[in-house]
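> Sequence:
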Amino acid sequence: MLPMASPDQPSRLPELTIRAILTGLVIGTVLTPCNVYAGLKIGWAFNMAIAAGLLGYGLWRLLPAREFGLLENNINQMIASSAASIISGGLVAPIPALTMLTGQTLAWQWLIVWVFAVSALGVVVAVGLRQQLLLREQLAFPAGIATAETMTRIHDHGGEASARLRVLLAAAGVSGALKLVNDLLVALPRLAPPLKLGGYSFANLGFAFDPSLLLFGFGAIIGLRAGLSILLGTVIAWGWLATHVLAQGWVEAGARNEAWFEPLVTWLLWPGATLMVFSSLTSFALALAGLRRRTAIRASRVSAPRQMIALALASLLVILAAMLLFDIALWQAVLAVLLSYVLAIVAARVTGETGITPIGAMGQITQFAYGLVSPGNLTANLMTANITGGAAGQCADLMQDLKTGLMIGARLRFQVIAQILGVAIGSLVGVAVYLTLIPDPAAMLMTADWPAPAVATWKAVAEVMTQGLASLPPGALPAMAVAAGCGIALALLERLLPPRIARRLPSAPAIGLAFVIPAWNGLSLFLGAALAAILARMMPGWSQRHAFGLAAGLVAGESLIGVATLALKLLV
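Numbers in the numbering used here are just positions in the sequence shown, counted from 1, shifted up by 1.
Calculated from the structure, these hints are not laboratory results. As the structure is a prediction and not an experimental result, all values here were calculated from the model. Please note that a few of the clues may not be correct.
[To be verified] Simulated restraints, written as ranges between beta carbons of each label pair:
#1 Trp241 <-> Ile310: 55 to 65 Å
#2 Ala503 <-> Ile19: 46 to 56 Å
#3 Arg67 <-> Val182: 22 to 32 Å
#4 Leu198 <-> Asp157: 49 to 59 Å
#5 Glu161 <-> Arg67: 18 to 28 Å
#6 Arg504 <-> Val175: 29 to 39 Å
#7 Val335 <-> Arg504: 16 to 26 Å
#8 Glu161 <-> Trp451: 35 to 45 Å
Positions of the beta carbon are idealized from the N, C-alpha and C atoms, including for glycine.
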């Protein structure tokens, strides 16, 4: 691991330069659509810091200019990765869920203001946490360490950086070309074996091979444990529960020659969402208890007047936006902001120790709270949770980057400027991409083309908290009870068993995800994870250097071409 630089003696190398800012803005503009696209497809996104660092370094190696320094590249990756993480501001979960439930939509300019406001609140909270979490307690923040080590390595060994970049770009080219052929030339079919389960064909249940390299790339990124868990969930949901639901008549079958994802997911999302919510909340509660035992959870100690002013202004912006854009009462907006302070701090601590940011758990805690204090109000339930989730997500992202900066000697002030610039460009690009991809959320989402599992989860929680259990479809309540018990049990076992055993347990959130995406997506994610594991076993050295770039390229190529072809079809 790299030695940590002194925070009191930052490097005097070039850092917040014009070219570093412009590079970050350009790469952020390119990478943000990838996470928006992937978030609407499978509900997950990934940290773009390393990919942005590789792209920035490679870009300036091609140009006849002064060497692009490590600290300049850090500014680039911070702008780009914070832009790509803008989806935590609600674009792939509460915002479309609100439209589906109430029909409410915002004009594009106000949607940009909203996403920027909730994300900026998290940035300000993170600045106040730096002293406590990074300097006093020295929490790990694993993604920040990985970024620092990777970027230092590529700047020390230019040949290795070039090789990694070639792999990333080649994978993006192959993935993008396949998507281009599928969208503009000939639709590639999903291939299903001529078999049946419970009297229903594999094709109807969705057990088919889908020619999507994006899903293979994501499978490689999430790892074998998550991939196997998704496979298990796919078999349970689409191979067993789906046939039972059809046999009971709780869901009507679709056309004989179609996949029945849309009618089946309206039932399967309830146990799937329950499994994800209860496992996440249980893991969060256990992590919180562990943190409290080791050290008190202190509020942000912001002593500088400028930071206090920034916190007040960010809070005021969110409160005014909630009141004016969503007609949320003043006391509800203030309560949501205050709750965001606490939960953003907790999310940062959990991220610091585990590397996992519990954005969903943060939002669902707020949904449960507002279901009690403001029952029946769908807008307040979703958008107050949007405040909490957005602040927590951006706070955790900045803490990872601050860890990177601390290790390489970056200046705090420059890092904060970079993060805000990233949030700004991410809000602009993210909203534009979301509105281009999904002009009609009610008709387009929770379909085979756009499963939007995060939307399904947030929507389900809001419906139960505001409409009660009577809103559930037939037979869903017992399934939800079983799913809740399984989610709690798996989270407890993962926490209490020895690590060598806990690592072999299935992942409850990954199992739940398989309930709300088509079976062909689950199979592709598993195959990607399995192929990555085989590659790591057969070629460990090559895999360690290039597997991430290969996977990131597969994700980026298909998502960028997917956004571009959809925009082209709208213009023609």
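> Could you tell me which of the numbered hints above are not met by this structure, giving the numbers in increasing order?
3, 7
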